[in-house]
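**Student:** Given the coordinates of chain Y, assemble chain Z onto it according to the supplied hints.
Protein chains: 2
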Amino acid sequence: MCPDSVEPSRAEARRAQILAAAGDCFRKHGFHGASIAQISKTAGMSPGHIYHYFENKEAIISAIVARDLERFLTLTAEIRSACNVREAMLARVAEGIDECLDQATAGLKLEIVAEASRNPHVAEIVHEADRLCRESFALTMRDMRRASGHQDDDQTIDAMVEVAIAMFEGLQIRTIRNPGLDRGLVSRLFQGALRDLFDQPA
Amino acid sequence: MCPDSVEPSRAEARRAQILAAAGDCFRKHGFHGASIAQISKTAGMSPGHIYHYFENKEAIISAIVARDLERFLTLTAEIRSACNVREAMLARVAEGIDECLDQATAGLKLEIVAEASRNPHVAEIVHEADRLCRESFALTMRDMRRASGHQDDDQTIDAMVEVAIAMFEGLQIRTIRNPGLDRGLVSRLFQGALRDLFDQPA
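Protein chains in written order, with UniProt numbering: chain Y, 1 to 202; chain Z, 1 to 202.
Hints were generated in silico from the structure; no laboratory data involved. Among the hints, erroneous ones may be present.
To be verified - Derived pair list, reagent style DSS-like, types lysine-lysine, alpha-carbon separation capped at 27 Å:
{"hint": "1", "chain 1": "Y", "residue 1": "K57", "chain 2": "Z", "residue 2": "K28"}
{"hint": "2", "chain 1": "Z", "residue 1": "K28", "chain 2": "Z", "residue 2": "K57"}
{"hint": "3", "chain 1": "Y", "residue 1": "K41", "chain 2": "Z", "residue 2": "K41"}
{"hint": "4", "chain 1": "Y", "residue 1": "K28", "chain 2": "Y", "residue 2": "K41"}
{"hint": "5", "chain 1": "Y", "residue 1": "K57", "chain 2": "Y", "residue 2": "K41"}
{"hint": "6", "chain 1": "Z", "residue 1": "K28", "chain 2": "Z", "residue 2": "K41"}
{"hint": "7", "chain 1": "Z", "residue 1": "K57", "chain 2": "Y", "residue 2": "K57"}
{"hint": "8", "chain 1": "Z", "residue 1": "K28", "chain 2": "Y", "residue 2": "K28"}
Claimed, not checked - Here are the simulated distance ranges between beta carbons:
{"hint": "9", "chain 1": "Z", "residue 1": "E95", "chain 2": "Y", "residue 2": "Q103", "range": "27 to 35 Å"}
{"hint": "10", "chain 1": "Z", "residue 1": "R67", "chain 2": "Y", "residue 2": "E99", "range": "27 to 35 Å"}
{"hint": "11", "chain 1": "Z", "residue 1": "L90", "chain 2": "Y", "residue 2": "Q191", "range": "36 to 44 Å"}
{"hint": "12", "chain 1": "Z", "residue 1": "C83", "chain 2": "Y", "residue 2": "T74", "range": "47 to 55 Å"}
{"hint": "13", "chain 1": "Z", "residue 1": "R183", "chain 2": "Y", "residue 2": "E78", "range": "27 to 35 Å"}
{"hint": "14", "chain 1": "Z", "residue 1": "H32", "chain 2": "Y", "residue 2": "H121", "range": "12 to 20 Å"}
Glycine included, C-beta positions come from ideal geometry on N, C-alpha and C.
For reference, chain Y alone in the conformation it holds in the complex:
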């Protein structure tokens, strides 16, 4: 069957299947070590199928980054629509910590950021996604701070967002460097530290 004839929802499922396989390959062999042949084998599809959906490995990275961004934007929009934004935000923190501490997720994210540090195309993809992610987090942070009676300027909100994201992303490094870390206790202390950041005086 020609890939062109695949119906939209099935095409979506195939794209997702390719992204999952590619994510695995990038994590295990690195962006450069992973080949389209490996990805197609892992996905159980022909290389021709892969090329039908994605022009090259950078297009796959771009789609992985877009998928993760989409999830983050949905999450922050949900938090902003809650009655109590601060409680909604804090309620999702433990989940965010667990996700950052997941070794497979962390390994892939670190490979993408390491690649962004030397590959201008991947850097561009990552910078743009990060900008949209910060923008959405900043809206959420502003809502939360206003509800707690704080008035901050844009620069302060942006810097709070930076520090909060640094804390989460740092966990991705920790789970690789110290796989045996005490997840329960680290999560508890991390949440306290994040709460202090959220509640700091303006």
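**Tutor:** Chain Z in isolation, oriented as in the chain Y frame:
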């Protein structure tokens, strides 16, 4: 001249020169993309000289990690020997932030941790260095907390160390994902957040 005849201090300087060149190559081309030929060209030495000092690329990574660990252990020992450990610690935080935000340093550290997430030999090197680094930081954290009148159990100290390191290491990711971040403001907020972590109730 045969490398064996090189006097110790000159051998030290050559090793340092190789590590700097290899760090550059790993960062720019990735651990797998970088070759001994490239490293020798960057260092201005023959490949034979490189092999005299290091058996292979993993031995070079191991020496880079050991060099960075050595610096960290010296720093924490200095802090512990200060009259006021808390002040000495806080006085060095801005410097630590700047170092984490340095893009070349961050790029190399991220490449090493990405490699550790898939290469068992590199993982072993990184885990052992991280263990020694945490151990030394935990001693320092304990001294600081005791001086402020807090009595914490070992698990709590270890988790505080984890969260503090996560914050610093997260900055390495931030400087790649958002090279335009407001360094001054982020550093100020980061220091406040770290102080809150250090001063939290036991």
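**Student:** Against this structure, judge whether each hint is valid.
**Tutor:** Evaluated hints:
1. With a C-alpha separation of about 19 Å, the suggested pair K57(Y) and K28(Z) falls inside the 27 Å cut-off, and the hint holds.
2. In summary, the hint linking K28(Z) to K57(Z) is supported, as the alpha carbons are separated by about 15 Å, within the 27 Å threshold.
3. Taking the CA atoms of K41(Y) and K41(Z), the gap is near 37 Å; set against the 27 Å cutoff, the hint is violated.
4. Distance hint between K28(Y) and K41(Y) is fulfilled; the C-alpha atoms sit about 14 Å from each other, no more than 27 Å.
5. Restraint check for K57(Y) and K41(Y): the C-alpha separation of about 15 Å stays at or below 27 Å, so the hint holds.
6. For the hint pairing K28(Z) with K41(Z), the CA-to-CA distance comes to about 14 Å; that is within 27 Å, so the pair holds.
7. Taking the CA atoms of K57(Z) and K57(Y), the gap is about 26 Å. The hint holds against a cut of 27 Å.
8. With a C-alpha separation of about 20 Å, the suggested pair K28(Z) and K28(Y) falls inside the 27 Å cut-off, and the hint holds.
9. For E95(Z) and Q103(Y), the hinted distance range of 27 to 35 Å is satisfied, since their beta carbons lie about 31 Å from each other.
10. Restraint check, R67(Z) to E99(Y): a C-beta distance of roughly 33 Å satisfies the suggested window 27 to 35 Å.
11. Range check, L90(Z) to Q191(Y): about 23 Å between beta-carbon atoms, so the 36 to 44 Å window is missed.
12. Range check, C83(Z) to T74(Y): Cβ separation about 52 Å, and the 47 to 55 Å hint holds.
13. The hint said 27 to 35 Å for the Cβ distance between R183(Z) and E78(Y), and at roughly 32 Å that hint holds.
14. At roughly 19 Å, the beta-carbon separation of H32(Z) and H121(Y) lies within the given 12 to 20 Å, and the hint holds.
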